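Hey, can you work out the whole structure from these sequences and the hints?
As they're listed, the protein sequences go chains H and R.
Counting from 1, position 16 in the first sequence corresponds to residue 16 in our numbering; the numbering is continuous, with no gaps.
Counting from 1, position 31 in the second sequence corresponds to residue 31 in our numbering; the numbering is continuous, with no gaps.
No lab work stands behind these hints, which were simulated from the structure alone.
Computed from a predicted model, the values in this text were never measured in an experiment.
Note that CB positions come from ideal geometry on N, CA and C, so glycine has one too.
Don't take every hint at face value.
The calculated label-pair distances, taken between Cβ atoms and stated as ranges, are [what the hints assert, rightly or not]: (1) K52(R) - V192(H): 31 to 37 Å; (2) E221(H) - G30(R): 44 to 50 Å; (3) G30(R) - D6(H): 17 to 23 Å; (4) E417(H) - G54(R): 38 to 44 Å; (5) V62(R) - G185(H): 38 to 44 Å; (6) E204(H) - Q21(R): 30 to 36 Å; (7) K52(R) - E262(H): 23 to 29 Å; (8) H75(R) - V210(H): 32 to 38 Å; (9) G264(H) - D64(R): 47 to 53 Å; (10) D6(H) - T5(R): 18 to 24 Å; (11) E204(H) - G10(R): 42 to 48 Å.
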Amino acid sequence: MPAAKDHQYYDLVVIGGGPGGLTAAIYGGRARLKTLVIEKSLIGGLATYTNEICNFPGFPDGIGGLELMRQFEKQAKHFGVEFKISPVKAVSLDGDDKTVETFRTVYHAKAVVIATGGKPRLLGVPGEELFLYDKGISFCATCDAASCKDKVVMVIGSGDAAVEEGLFLTKFASKVIMSVIHEEGHMDANAVAQQDAMREPKMEFRWNTVVDHFEGEGRLESVVLKDTRTGELLPEVVDRCFYFIGYLPATDLFRGQVTLDERGYIPTNTRMQTNIEGVFAAGDVRQTCLRQVATAVGDGAIAGFEAERYIAELEVYEKQLMQAELPGMIYVYSPIDQRSRDFLPVVREIERHFAGQVKLSLVDTYKGECLAGRLGAVDTPSLVYTRNGKVVGKTKVLEPQRIEASLRDLIEHEEFELAE
Amino acid sequence: MTEKTLDCLGEACPVPLIRTQNALAELAVGDVLVVEIDHSCAMKNIPEWANKEGHNFEIEEVSDGQWELVIEKTH
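Right under this line is the structure:
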């Protein structure tokens, strides 16, 4: 029988240690939330797979992906963020006590930021499964280029990543064969990268091709391409094959809890909220139009900020609104609404009238709708009555005499109930 | 259950991964292998491989740029 799991408690748990997750953690840590980042492998995520990042503002000469992410991590640690490196096995995101489990520990959180990014897309062709990662199919030129010195490698794809990483590989390999699905001369990469690639003598192109299957004895030995026009099979002997054909969102863990779009990405609103209260998404995993370090950072900042706000509201709700010492009267109002403003001094007067027998709390919906949502009172102005930390009545009818009668009832009768 | 430590400090990819695969192959189910690494590339390919194989693991960063991978053999 496996040992009982250890339980640990945090305010904010961020799943994924790439730029989006690290930024959310920086905002959480800075707001003094007890924050944990759980990452399955190297802190920095996909950004660490890029040799040079040229479009992250602040680094006019470019910066290595790994180096930039080390700085993010350092900044998060500076704000007291803790890190755990282990794959997440299960999550339970509904309700106020959310849990994220690794194989040894159950982490409890008030709010969760999902920043799991993507995983490399596979082709699903015969032989692929046999040669993944260490057996010859790779997804990271930065990681594996050194082992390709003076060898022949193949690159699948023709986007920015394929062409730029392919060019990087020419510094090590004797030959880099690019398999491109498009007509001769057509690539998806930016124009500058395409020009550089066409001029590079070590680079060769196989236009109009896709991978048919992989062959090898234990290790990858050849990639068999197929000409998309003729169907002809073209075997190429290579030492290693690199995929740069895009990513799939890493959202399998959340399926059935978090709403996903048809491609598996997480839709959010502009506040990075998912369909579950207190669960936010940031970075590549989110349904968005651009996936860059710069965009992940923006998402992460919002997610971290919103998580902080959510937790603060949760505490106000539990400690203030649902206080059990006195019968409570909660005034839900909006300061931009005239009726709301006019009635504010009236409720204060009523509280004074009941001197010490009733506690008045104010919920300003202009600041945020979360508290009003929790109370189930969306109309402003309105009143919510509580007793022993529970909502016992609500009303939109704001007449001082009726309110005072209700309060007398609330104080005197245990069984108080107010029909709306 | 036994625990074995594998020192891969100073070794570049793919050496730590290959040594990890060989060392784990010699252990029994439930045994734990602690791999010491200081090349960041091994922080990608070893967890990727361990995840794909379904072994349990946790990693501690013992100092700046140096890690201990604790791998529990599950099958």
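Violated hints - listed by number, lowest first: 2, 4, 5, 9 and 11
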